[in-house]
Structures are given as C-alpha cells and as structure tokens.
Amino acid sequence: MPETVWILGAHMTKFGKHPDKDLVDLASEAALGALADGGVSIHDIQVLAAGNVTGGPAGVGQQLQKQIGQTGIPVYNVTNACATGATALRTSILAIKAGEADLGLAVGVEKLSGAGLLGVTGTQRGDDEPWHPSGRFGNVAPMDGWVGTETMPGVFAQIGLQYLHDHPYSGAPLELFARISEKNHAHSTLNPLAAYTKRMSLEQIMNDVMVAYPNTRPMCSANCDGAAAAVVISGAALSRLSAQQRRRAVKISASILTSDPWREACQVLPDVSTLTRQAAAAAYEAAGIDPADLDLVELHDCFATAELIHYDNLMLCEPGGAVDLFDSGATWRDGRLPVNVSGGLQSKGHPIGATGIANVWEICQHLRGEGGQRQIDGARVGLAHVIGLGQACGIHILEKAA
Amino acid sequence: MSRQVPLVSYLVLDERPHLIARQCRQCRARFFDRRNACASCGSQAGFDDVGLPDEGVLRTFTIVSVAAPGVPVPYAASVVDLAGTSVRANLVNVKPDPASLALGMRVRLSTFSMGTDAAGVEAIGFGFEPVEQAEPAVSPEGGVA
Numbered sequence: 001m002p003e004t005v006w007i008l009g010a011h012m013t014k015f016g017k018h019p020d021k022d023l024v025d026l027a028s029e030a031a032l033g034a035l036a037d038g039g040v041s042i043h044d045i046q047v048l049a050a051g052n053v054t055g056g057p058a059g060v061g062q063q064l065q066k067q068i069g070q071t072g073i074p075v076y077n078v079t080n081a082c083a084t085g086a087t088a089l090r091t092s093i094l095a096i097k098a099g100e101a102d103l104g105l106a107v108g109v110e111k112l113s114g115a116g117l118l119g120v121t122g123t124q125r126g127d128d129e130p131w132h133p134s135g136r137f138g139n140v141a142p143m144d145g146w147v148g149t150e151t152m153p154g155v156f157a158q159i160g161l162q163y164l165h166d167h168p169y170s171g172a173p174l175e176l177f178a179r180i181s182e183k184n185h186a187h188s189t190l191n192p193l194a195a196y197t198k199r200m201s202l203e204q205i206m207n208d209v210m211v212a213y214p215n216t217r218p219m220c221s222a223n224c225d226g227a228a229a230a231v232v233i234s235g236a237a238l239s240r241l242s243a244q245q246r247r248r249a250v251k252i253s254a255s256i257l258t259s260d261p262w263r264e265a266c267q268v269l270p271d272v273s274t275l276t277r278q279a280a281a282a283a284y285e286a287a288g289i290d291p292a293d294l295d296l297v298e299l300h301d302c303f304a305t306a307e308l309i310h311y312d313n314l315m316l317c318e319p320g321g322a323v324d325l326f327d328s329g330a331t332w333r334d335g336r337l338p339v340n341v342s343g344g345l346q347s348k349g350h351p352i353g354a355t356g357i358a359n360v361w362e363i364c365q366h367l368r369g370e371g372g373q374r375q376i377d378g379a380r381v382g383l384a385h386v387i388g389l390g391q392a393c394g395i396h397i398l399e400k401a402a
Numbered sequence: 001m002s003r004q005v006p007l008v009s010y011l012v013l014d015e016r017p018h019l020i021a022r023q024c025r026q027c028r029a030r031f032f033d034r035r036n037a038c039a040s041c042g043s044q045a046g047f048d049d050v051g052l053p054d055e056g057v058l059r060t061f062t063i064v065s066v067a068a069p070g071v072p073v074p075y076a077a078s079v080v081d082l083a084g085t086s087v088r089a090n091l092v093n094v095k096p097d098p099a100s101l102a103l104g105m106r107v108r109l110s111t112f113s114m115g116t117d118a119a120g121v122e123a124i125g126f127g128f129e130p131v132e133q134a135e136p137a138v139s140p141e142g143g144v145a
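Line order of the protein sequences matches chains A and B. Counted from 1, the first sequence has number 18 at position 18 by the working numbering; the numbering is strictly sequential. Counted from 1, the second sequence has number 41 at position 41 by the working numbering; the numbering is strictly sequential.
Certain hints may be false.
With beta-carbon atoms standing in for the labels, derived distance ranges [as the list claims (entries may be wrong)]:
1) A:ARG217 - B:SER43: 43 to 51 angstroms
2) A:ASN207 - B:ARG28: 45 to 53 angstroms
3) A:GLY329 - B:GLU122: 37 to 45 angstroms
4) A:SER134 - B:ARG108: 52 to 60 angstroms
5) B:THR116 - A:ASP166: 52 to 60 angstroms
6) B:ARG16 - A:LYS17: 53 to 61 angstroms
7) A:GLY39 - B:ARG28: 20 to 28 angstroms
Which chain A residues stay away from chain B? Per the calculated CB distances, all over 10 angstroms, these [stated by the list, open to error]:
8) GLN70
9) LYS97
10) PRO130
11) GLY138
12) GLN278
13) ALA286
14) GLU318
Honestly, the hints are just simulated from the structure, not real lab data. Cβ coordinates follow ideal geometry from the N, Cα and C atoms, glycine included.
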C-alpha cells in the first residue's frame, strides 16, 4: 500500500499587483506562511520543489532558500506551463511516496502584472525583407495571425465554440460564456485574496473589450503577481505530530499528472479535453471517489470558454451536458456542486506558476472549515484542476481528515 | 516572370493550389510540420506527402481582436475539417464577424498575395472562404448552425 501523503500547511499571497515585491519576496511569503500554518520550520523540510514559468533562468528554489534557509536539501525547479504549481506539488509528493523524505515543501510563484498576451511575440517585418522559409513549417511569416491564431484567448475561444459545435447549442454563445464569467466574478467578491473583487454584471462582461470572440476581457484569466505554497508530509510523520496538526491536515487522495496523447486535430488546435478526462478518471479511481461525491471544485478557467468544457472533462455532468449543468445553477456557490468559489482564474487571477498550488490552498480552506465568508459548509471532498498548454494536466483530490 | 514562395511548406502552388500533409507510413497519422518520428505511433518509418481536398467544413473559429504587435486585427481564425484532416487557417473573403460565420458551414481554400520582396519573390498565403450555398448556413441569430 503506497504511503498516504497529507497537506500539513498551506498559504497563498494576495493575488494582484505587487510592484514593491520581487519574485523571491512573494515565494518567501508563501513558503514561510505555509511552514507557519503547518507548525514546522524550514529545518524540518527534506525536499523543496519550486515552480515558476517566466521569472528567468536562475533556479527560483535556490533563490528562495537564500532568503528562508539554505539547509542543503535537494531542490527541484520545475516548469510545466500553467500546470507548473501542480507539478511542483506533485514533485514533493513523489519524494515522500518514494520514501526519500517525510516532509516536503512546494512553492509556486509568478510576476505577471501587465504582461499582456502570453505566448505570441508578433513581427516587425520590413516591406522589402526577403521571404525566407524557416522552422518546421517552412513558413515565411509568423504562423500566428497568418495561419490562424496562437493567442491563448483565441485558442480557448475555438475550443469553447467547438464544444458548442459538437453538442449543438441554440442560444447565443457570447451570452452563455459571459454568464459563466459573471458567476466567477460574483464569487470573488467574497475572496479578499483575489486580484479582482468587484462584481460585474452580465452586460458589463458582454460589452467589455472583445479579445477573441466570444472571450471578452473579463472572461480571460487575469495576469497578476502571486505565490502559493504547501507543506506535505507522510502519514507516518503526521502521526507523530499534535492533535491540532493532525486535525487540520488534509488528505491527498489523488495526485495525477498527464500529458496529451496524440489525437487527429491536436497539432492544429490543442486538445485540452482528452488529457483532462484521462487525469480525472485516474484521480477518481485513485481516490475511490465518484464525481458526485465532490463538495467543491476549483478548475482551470483560464477563459470562460474553458470552464464550460471542463465541466464535461471532469465528468461533473453527463457527456455533452456542460451547458445544462451550468444552466441548472449547480456550479454557483449556493448550487449542488460549487465551481471556482475562489473567483477562479478569471477573477482571483492567474499567476501561472502559483495557480496549481493556490487552487489546492483554496480547497484546503474549505475542508478545514476555515473558508471564512466564502466557506462551503460541510465540505469534505474537493478537486483542484490545472492545465498547461503544451500540454500538462494536474489534478489533486483532497479530503478532510477523518 | 516573378517567382513565388508559399507561406508554409505544406501549401503547394501549382495550377490548383492545395495543401499537403505528411502521412506516417505506419499508422497514417498526418502532420504539417517536420517530425523526427511519428507522434501517434512512434514509428520511424518516415512520411509520405498526401494531397488534401480544397473544400471542407468549419469546425470552430474565433474573431481575434487583440493580437501581438504587427498582426492586423480583427481577423477570423479557424479550424477546418478537410475530409477527416484538420487544418488551421484564417477565414478570408468574409467579414470577420460572428454574424457572417457559422459552425459547420462549408469553406474552400483560397490563396492570396502577401507581397513581393526586394528580390522579386512573391509570398503566397492561404485561407478558407465560405462556399456559396443555396441555403444559408448562418443561423438566424448569427450563432451556431
């Protein structure tokens, strides 16, 4: 029987603009917060996994150690696009499962305020410059813009509309996706750590700047600064800690990471569904949990269009039934299965490397009964999902201590 | 006479311009870029060029209004199903407006000049344009057919 791993402590910083804090300040705040929350010190930690995507070449894990404690432990600097945080968490979990450590620390951090469109660089070609084929497509001009789009809002817009093509929808797509965004912007009004905490009306969302139809600006994840961290511990080590620590510990019932298997169209439009479905199936099996058992879900709503399809991919509804699930009101915080009560990436914000630990922190708050004004009463089981294009999908299923 | 170069190596500029895919000799998976081995089956048997039809079905689209510097907006980006092979392309010769587009509508390959460089070489781009139909494919509210 493999070792059960627990979350002993967790912390997230305020998401938003932190002009006076650098990457390592944010990582330190999250790490020290998680250690304090777990009632342990950096000297108890035997492995560190640090996730960051855009901060630069130097290892953020070692930079963090130089601020909070250089103890000589192994450090893994990980990057996995928007699944980076979940990958860091899973890396520390693996070290414990392998028996190499009893306590580990996972940190995810990003500085993204004002970053604009991610993943595309644009072009400044002069009028007379020679047409020169290059790269694996032998293209003479950038693929992005000339051969469809590589912008994230555009990619996920197409993913969302394709779902409505595969499962015909008679309503107006713009309004449907705006209503999903309206939910998350309403949820974040109860989350003081969210980047945006103002409620937005459906009309405001629909009439805001169009980025890539049907995604308007509030329907896109918010680039911001932030960090999150978690202390993980083996069941054996947890049993030696205080009753208070054991009571607040959260069981990691499943920790799954997948990449995308080849599918016919995946080379032209990322297939974010297959790897999510495979991760979800593996997670439910590992946890012995049915989707119907979930009390709350934090899923990767990098765009409003993404949230809809992940209802289906995470099997929160019947296949093809994502619109019906949303229209039933189930995914609002007072519904049957609250989704993104934190405000999600659209409103809480999406500092890429931090996201996959921040959503785990959110679930922990509810399972511990420490969710404050946004507490989902009686929550016992929650699921946290992230996806990084390229691609990687991380899913963690968490359970309240018995 | 002017020389021409295609926007991408998988656009063939002959009397009837068309797209080609590189098909795995083992499992027949199709690719547009150069691959070291097959991503579908792992075979190293190599690839053969196969021609694609120039007409297909619009599987999904978006209207990009915010893009990287130097990319003219708005434009319609899409995925087109060419008899089972999906390709990524802009939609051309149609207003980049959701009211002018419908999922499932038939589209056809179209090429256009991207300009001529100082050496007199003209780059030829491609996109897909709506096929004229007796019955409009656009639903009344301009959304999904």
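Exercise. Of the hints given before, which are not true for this structure?
Worked result: Checked against the structure, the hints that fail are numbers 3, 4, 5, 7, 10 and 11, while the rest are satisfied.
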